[in-house]
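Asks: Read off the chains here:
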Amino acid sequence: MNFKARLGGAMLAAIMSTTSFHGAFAAEDTIKIGVLHSLSGTMAISETTLKDVMLMLVEEQNKKGGVLGKKLEAVVVDPASDWPLFAEKARQLISQDKVAAVFGCWTSSSRKSVLPVFEELNSILFYPVQYEGEESSRNIFYTGAAPNQQAIPAVDYLAEKEGVQRWVLAGTDYVYPQTTNKILKAYLMSKGVKAEDIMINYTPFGHSDWQTIVTDIKKFGSAGKKTAVVSTINGDANVPFYKELANQGIKAEDIPVVAFSVGEEELAGLDTTPLVGHLAAWNYFQSVDAPVNAEFIKEWHAFTKNDKRVTNDPMEAAYIGFNAWVKAVEAAGTTDTDKVLDSIIGVSVPNLSGGTSTVMPNHHITKPVLIGEIQSNGQFEIVQQTPSVVGDEWSDYLPDSKNLISDWRKPMSCGNFNVATGKCGGKGS
Amino acid sequence: MLRFFLSILLMILALATQSVAQSDPKALIDALGKADFKQAEDLLGQIAASADPRVVPALEAFNDGDLYVRKSDGAVFITRASGANLALIDPLSGAAAGEAPKGAMTKLKINNSLRRVLRSALGGLTLLSPDRNVRLSAADAVLRSPSAENLELVEAALAKETDREVKARMEEARAASVLSSDRPVDQKRAAIETIGSIGGRDAISILMSASASLDASLKPDVDRAISKIQSSLAFWDLGQNVWYGISLGSVLLLAAIGLAITFGVMGIINMAHGEMVMIGAYATFMVQEVIRTSAPQLFDWSLAIAVPVAFLVTGAIGLVIERGVIRFLYGRPLETLLATWGVSLILQQTVRSIFGPTNREVGNPSWMSGSFALGGLSITWNRLWIVAFSLSIFFGLLILMKRSAFGLQMRAVTQNRRMASSMGIRTAWVDAFTFALGSGIAGIAGVALSQIDNVSPNLGQSYIIDSFMVVVFGGVGNLWGTLVGALSLGVLNKFLEPSVGAVLGKILVLVLIILFIQKRPRGLFALKGRAIEA
Chain A
2 MNFKARLGGA
12 MLAAIMSTTS
22 FHGAFAAEDT
32 IKIGVLHSLS
42 GTMAISETTL
52 KDVMLMLVEE
62 QNKKGGVLGK
72 KLEAVVVDPA
82 SDWPLFAEKA
92 RQLISQDKVA
102 AVFGCWTSSS
112 RKSVLPVFEE
122 LNSILFYPVQ
132 YEGEESSRNI
142 FYTGAAPNQQ
152 AIPAVDYLAE
162 KEGVQRWVLA
172 GTDYVYPQTT
182 NKILKAYLMS
192 KGVKAEDIMI
202 NYTPFGHSDW
212 QTIVTDIKKF
222 GSAGKKTAVV
232 STINGDANVP
242 FYKELANQGI
252 KAEDIPVVAF
262 SVGEEELAGL
272 DTTPLVGHLA
282 AWNYFQSVDA
292 PVNAEFIKEW
302 HAFTKNDKRV
312 TNDPMEAAYI
322 GFNAWVKAVE
332 AAGTTDTDKV
342 LDSIIGVSVP
352 NLSGGTSTVM
362 PNHHITKPVL
372 IGEIQSNGQF
382 EIVQQTPSVV
392 GDEWSDYLPD
402 SKNLISDWRK
412 PMSCGNFNVA
422 TGKCGGKGS
Chain B
80 MLRFFLSILL
90 MILALATQSV
100 AQSDPKALID
110 ALGKADFKQA
120 EDLLGQIAAS
130 ADPRVVPALE
140 AFNDGDLYVR
150 KSDGAVFITR
160 ASGANLALID
170 PLSGAAAGEA
180 PKGAMTKLKI
190 NNSLRRVLRS
200 ALGGLTLLSP
210 DRNVRLSAAD
220 AVLRSPSAEN
230 LELVEAALAK
240 ETDREVKARM
250 EEARAASVLS
260 SDRPVDQKRA
270 AIETIGSIGG
280 RDAISILMSA
290 SASLDASLKP
300 DVDRAISKIQ
310 SSLAFWDLGQ
320 NVWYGISLGS
330 VLLLAAIGLA
340 ITFGVMGIIN
350 MAHGEMVMIG
360 AYATFMVQEV
370 IRTSAPQLFD
380 WSLAIAVPVA
390 FLVTGAIGLV
400 IERGVIRFLY
410 GRPLETLLAT
420 WGVSLILQQT
430 VRSIFGPTNR
440 EVGNPSWMSG
450 SFALGGLSIT
460 WNRLWIVAFS
470 LSIFFGLLIL
480 MKRSAFGLQM
490 RAVTQNRRMA
500 SSMGIRTAWV
510 DAFTFALGSG
520 IAGIAGVALS
530 QIDNVSPNLG
540 QSYIIDSFMV
550 VVFGGVGNLW
560 GTLVGALSLG
570 VLNKFLEPSV
580 GAVLGKILVL
590 VLIILFIQKR
600 PRGLFALKGR
610 AIEA
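Protein sequences appear in the order of chains A and B.
For this note's numbering, count along the first sequence from 1 and bump the result up by 1.
For this note's numbering, count along the second sequence from 1 and bump the result up by 79.
Honestly, the hints are just simulated from the structure, not real lab data.
The reader is advised that the hints may include incorrect statements.
Which chain B residues face chain A? A few, computed with CB under 8 Å, are given here [claimed, not checked]:
(1) Arg195
(2) Ser288
(3) Ser292
Computed cross-link-like contacts, SDA-like style, restricted to lysine to any residue with a CA-CA straight-line distance of at most 20 Å [said to hold, decoys possible]:
(4) Lys220/A to Ala581/B
(5) Lys162/A to Glu120/B
(6) Lys309/A to Pro577/B
(7) Lys252/A to Trp460/B
(8) Lys188/B to Ile383/A
(9) Lys181/B to Gln380/A
(10) Lys220/A to Ala452/B
(11) Lys181/B to Lys252/A
(12) Lys309/A to Ser432/B
(13) Lys227/A to Ala581/B
(14) Lys219/A to Gly162/B
(15) Lys220/A to Ala291/B
(16) Lys227/A to Phe116/B
(17) Lys150/B to Asp337/A
C-beta: ideal position from N, C-alpha, C; glycine also.
Using the sequences plus the hints, can you model the full thing?
Replies: In structure tokens:
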């Protein structure tokens, strides 16, 4: 598969390089943007919604007169949940379709797959999903949450408000949970939690038999200290996990579960009555009480012609990313990548929780962290909201990255500047 | 000077509000309307201390999220949905208090720590309820979140209690409350004894959380009680693991049993098998949708209705696939593999287009929710039913194969096609119906799997590998092999999982199977005789 993709990519690149200058002279009456989300395969469950949101945002923007007096045109491709295919499709969008910017990807694997393409062809990607951090690219904007915008505030909430002293870090076995759990473990230990009070557990993708693990959690939780589960369990494995929790009678009052990958969409396939009180940490919930959110939900229902469709956090991140790009393009007066990269830093746009989000020099954004409890209607009740937090790309709690910062403004223009050595480069270079 | 007077004034005010509060739970409940989580906790403590049974409906409504505050005057009401409006009920008297539009009311928020306080308060307040079951769950609630405040309530209730089971539970609840109170040491020692005799994880949990605040002279008693519970748990853990293994095995059996026919008996490498399971699960979803909209009282029967529906739907699809694709490819395994894989992708994308890519909610009927204790084992109802269901499908199929005319023809055709054909059996139709049977059984499996897994277009993919593994390991062509293979893989998996983790456990199982197949290429129960050579 890898070979095929590489061969395909190389061939495409070869064809593109011979035809590219034709395109440059062609009259442009629309501005194209790429939408790179899986519409088939395992990730279609999450990503199809984001494609719909992008189409809606483009439609709304065109109603307002487009950008720079031109209409926007969304070019939708389907990378089919296949990581190498993401790179191939990204190359196609940039070289062949000549899109001004791309909105897409969900998994970290897909983002890592397209990163070199965006750097090589100098285009812009807006990535709308919460991720593990430890990355900063000149060509990527991370509008989802970094670990300090989701995981760490959630743990703080449990420790302060629920008095949790023992922690189960349960996750699916891939890069996002592994890195997040590493950061969380370091963070908890820096707060004085002992190693024997932390249990880390990994399960394969799509794990469906949770009996043993739920029993282990019960066992771990009967040591007389308040216990909580911090779940980075991904996608499809969540429904069987929560069903097993409910059937084994673990209530949120006894052992609360706080999840970073469970939102309104994931709960839609679940009877949430036994789950009331379990938590999730995001930067947005559909239940946010703000006029801008009510407006967004109304548009979304009208666009999908279905008033039962829920909204979720990655949709808000896509909304922020899109509006920030529009504003930056209008400020720069062009869609030229280098000019937009300069003008976008410092751009502030409204987010859906009633405040504003600003694009920071490290290509992450500011946004508040919300903690919500699951309700019986599948929505979240917000029990805590922090002020805006700046996304931190290089975690301060990992020895490898605590000295690194990222600042893409000139003259530094560096994604991994080491403040200890005063040099650009190091991990992730 | 002024400050001094002010503080005196404030003190008097505080005293006054407190005395009002204590005499009048209504004021306390109204105060909930303005309180944040922390203040609400204190208020709930005061409401519970009033020991006024009239507050119970209000607290229950608070727990269920039905307690609202009116924006105009800050009065708190219990509410019921009434069209677009909310019907208001006075929180204490239970009298109807008119209606209000939703916009004029604000819901009182609740979080986990409030829920814990509520559980304990409600437990204490309902200990004297006339309903036996309410008293039992009240005692349970006190036991689960013991607090010194409830001790006197429990003792008062205990004195009046006549029902044996409730009385025993109340004794345990009393013991748990004693441990968190300031009673003398010998009472606490007896309490430790009582908790120790409950056994199980919950007892350990109560003892461990109490032990921090206990007198040092009681430490040996606590340790003894805990180690006694732990040694009996170690024994039950073994049984629990076996049960988990059987239940995982029965899921594997369900997924594989249809394949044991299409692949095992007919020899078709059927990559679309998983999609039949998925379609069966969607059939369950459709049945439940129809029931929800037209006959909600039948909901508990939805699975029983879904079984024949799923069988017929997937069986019919199987028939079409066999007639349309597979019959042209007999004897060409590679082409069959590719063709059925293509079919599986088509089916997946079709379902995705019709039902959307997101999960669909399939409800659990009440008899499949929750768990019960059997000695030290905790057995969940849905797993128990799935074990029973998969075994009954297995034995039903076995009888069909061994005792019916269709089964006889099926075996005859697969063992010696030409001979069967010359005996007058219409082999082509036997093939078609055998494939339809295998697909139909996969569909039935989907009904059961919809209860424990996601109903999404990807459902089938997660089971296809496991299914092939079970059939190959058990021995192709032998139903008993499938049964033994599924159960032993399940138990093996569950014994590896606690020590090496789920990820490595799965890898180890695969490695063991590869080694096993090297030794015995035909699986556990190899077919013997000329049929193999054909």
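Asks: If you test the structure against every hint from before, which numbers come out violated?
Replies: 3, 6, 11, 13, 14, 17
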